[in-house]
Amino acid sequence: MAELSNQLMALTVLAYLAAMVCHAAEYAFGDRSHIGRAAARPARQLVGAGAPATEGPLVLVEGPADAEAAEPAEVAAEPAVVAEPSRNRGDLAGRIAVGFTVLAALLHLGTLVTRGVAADRMPWGNMYEFTLSVTFVGAATWLGLLSRRPGIRHLGLFVALALVVLLGANGLIAYTPVGPLVPALNSYWFIFHVSTIILSTGILLLGAVPAAMFLIKTGYDNGERRFPYPLGARVPAAETLERLTFRLHAFAFPLFTFGALIAGPLWAEASWGRYWGWDPKEVWAFISWIVYACYLHARATPSVKRTTATWIALLGFLTMLMNLFGVNLFFEGLHSYANAG
Amino acid sequence: MTVVEERPAPSAAPPPRRGNPVWALLRNSWRQLTSMRTALVLLFLLAVAAIPGSVLPQRSVNRENVAGYFRDHPDLAPVLDRLGGFDVYASPWFAAIYLLLFTSLVGCVVPRLADHVRALRTVPPDAPKRLDRLPQHASGQLADDPAAAAASVAAMLRRRRFRTRVRERDGGVWTVAAEKGYAKESGNLLFHFALLTVLVGVGFGHWYGWHGNRLLVQGADRGFCSLVPQFDESSLGPRVTPGDLPRFCLQLTDFTASFQDNGTPRSFRAAVVVEQDGTTANRTFTVNDPLRLDGANVYLLGHGYAPVLRYTDRYGQQQTKVVPFLPTDGMLTSEGVATFPDVNIDPKTNRRDSTLQVGFEGVYLPTVNPDGSPTSGFPAERAPRLFLTAYRGDLGVEAGLPGSVYALDRSQILSGELKQVSGTRPQTMKPGDAWILDDGTKLEFLGTRPFATVSVRYNPTQSLVLVGAVAGLLGLMLSLAGRRRRLWFRMSPLAGSEGAPAGTVMDAGGLPRTDYPGFGEEFARVVSTVRGDGGEKNEETA
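Which chain is which? The protein sequence lines are R and F, in order.
Heads up: the first sequence begins at 1 in this note's numbering, then just goes up one per residue.
Heads up: the second sequence begins at 342 in this note's numbering, then just goes up one per residue.
By construction, these hints were calculated from the structure, which means they are not laboratory data.
Hints should not be assumed to be uniformly reliable.
Stated by the list, open to error - Stretches of chain R that chain F covers, calculated by requiring three or more beta carbons in the stretch to come under 8 Å of a beta carbon on chain F:
hint, region
1, 148-158
2, 250-257
3, 269-280
As the list claims (entries may be wrong) - Result set (DSBU-like, lysine-lysine): computed pairs, CA atoms no more than 35 Å apart in a straight line:
hint, chain 1, residue 1, chain 2, residue 2
4, F, Lys-760, F, Lys-689
5, F, Lys-771, F, Lys-662
6, F, Lys-470, R, Lys-305
7, R, Lys-305, F, Lys-525
8, F, Lys-470, F, Lys-525
9, F, Lys-689, F, Lys-662
Stated by the list, open to error - Derived DEER-like restraints, expressed as beta-carbon distance ranges:
hint, chain 1, residue 1, chain 2, residue 2, range
10, F, Gly-764, R, Ala-10, 55 to 61 Å
11, R, Ile-191, F, Gly-544, 28 to 34 Å
12, F, Glu-405, R, Val-113, 40 to 46 Å
13, R, Gly-168, F, Val-396, 25 to 31 Å
Where a beta carbon is used, it is the ideal one built from N, C-alpha and C, also for glycine.
Please work from the sequences and hints to get the whole structure.
Structural data, given as structure tokens:
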């Protein structure tokens, strides 16, 4: 079973890689895609397509200055536009890419399940399994978002890239043979603490993709044409990306708070005798939490530019990576069962 | 997002006053401190200031690592120490950042609390004149007369948990004002006050908490009581005196550890006899399930083996010692020392000869490695061996200096006061073995007893901090999910239909007061319910 899990893991990476290649092909061959065309239409016209049927003297008008209205309008418009028979190769490549992503996510799930069966426990016992779970949450969240808003499909290239890099790094530097849990992990808090941390970390890591693309897109819209700004040519509208970034972070932040700052300390109290002890993992969770809190505050403050706020979110992503890989590899601490190898 | 200022502008600017410059400076500094920008900068500073604590070893986490850092960096370490680098989270600069941050927080949330309480007590303001200037607006005709229409709209909005207010205006016009989403600000304030609770809880926990560590060898003769001198190491909060510790005694009756084939531990379990308030009870505890006593908790931190050694001196006197050997690796390769300062006392003179004291130093391997390497092959006692070197002479225990009980006094060995009297290779002993030393005295290795290292801790504000954290999470979720918005309806009588069946011209407007992308849809739903089209109304009243 453990062997099967390892083989599935290799297949998972290959499938994500295939998805990445297809997304890249979509990117290269798709001339101005449906997203671009949708974005080019005036907002007023789009409202009629998706808004509730209106008759009689009731007139429903989206305020032209109201930027908030642009997003539901675009989403509403999507089905109408996608329904047009699209024969271009880029679109086909994009569809294949999504297919590969679904396949990869299923293989990914298979890797986790077989790993769990082989170890006879939840597959969250060491760094390898943790990263495997976090990336799966990221992939699953991505597919969930994609099913609700097909318009963001162009982001798939960057999602797949991030997944391939993280999983590849995980397999190379953090691989650990299957084994049971050390006694310190043998607690029901294991389920609460680790599962919420995995969920929130996965979503926060995924949130970095629209965050980075928002910054690139904003630069592109402002006329920047140097690398990496041309990457922003075909991604969804900056407003959509920014809102997606915020939604992902606003959803994951309370989860992370629960996992790292409530369930973690409760368990630490039972296991180590104190709820907070400035272990390196705790320090970096604290840092990440503060940086993400900064992001949420900055975004809620009208005087702070949205690009500045998004930079803070990306900084948060770096601290999460530091906590995921850096702390495990460089520092000695009580969370040492998360160590590589 | 369009922001409509709903408060009337200040009636008139106050006459310019030349205030006290010191007061002005203080007021401006306070404003600066409580601004969001300052709070953001302080938050960042706090995050940055926390980093050194993960890079440098910390005294509060691991004292030995700090000592090691001093050895490795003799020039740098004292400088870092003066800067508080080894006590980052207790250092003045770290405290300065979080105290400023919390001051800024108080300065921000207390006025907001006052505003919010006022907002909760004020009724939603009347409809603005031009509803069509609002981000959302609609109009239509209703069959009811304005008063009835207003009443039914208000009832519908109340069902949707809006705060509503119906007002009668000149010319038979009725207005309905409704507001919803106060929970966002309530949650936000709850979150920030919860943070303050956590800070207060942590502070009091530090002042009134205490902890002590103790190595507890199995056996009725090796129990301990919760008195400060009986702990190997203890730390009392600034407001705790040794007399405040609860009285209880512990005896380790049994310790069981099981391991996987590769030597990683599977489970630990300690059984103890607890004596508290005159009653005795048998209790067990494990790594994740501490022993919760009245006024303190006992946590299992580690375990190891304590060889039992019997020494027979040249006069035939026997002494038995149980000496814990400290594990140095995961396979429980353990190091320790057994000293016998009160041996070889001539029964005739009854005087101690300080040149005839005996000490043994060595390594205990619970499972000796077949390849002969000096480390244990497995943490359980499968093939236990004790490797000892014997010393005779002055152990240096009379010097009055506190020495480690896990190592011999190196200076006594270097000065020649304490001489090695065994061969060049350490003596290998199995349980039950006896070793005759060069002077005819005898050391017997009788076996081992397990020991457990336990931490006894008390933190009076743990529950307060937990309540604060949970309240903070609730507040956070409310504040992230809540959306404040206002709706207005103006019901005007249909013009020019005097005497005809009453009708109403309805104008509606909506204003999201926070970021709320779905507001347009909600507004459209509400308006269509009012107009009575679609199945929406039936659904609502059902």
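For each hint, the structure was consulted:
no.	hint	in the structure
1	148-158	violated (count 0)
2	250-257	holds (count 4)
3	269-280	holds (count 12)
4	F:Lys-760 x F:Lys-689	26 Å, holds
5	F:Lys-771 x F:Lys-662	17 Å, holds
6	F:Lys-470 x R:Lys-305	33 Å, holds
7	R:Lys-305 x F:Lys-525	22 Å, holds
8	F:Lys-470 x F:Lys-525	27 Å, holds
9	F:Lys-689 x F:Lys-662	25 Å, holds
10	F:Gly-764 x R:Ala-10: 55 to 61 Å	57 Å, holds
11	R:Ile-191 x F:Gly-544: 28 to 34 Å	32 Å, holds
12	F:Glu-405 x R:Val-113: 40 to 46 Å	42 Å, holds
13	R:Gly-168 x F:Val-396: 25 to 31 Å	28 Å, holds
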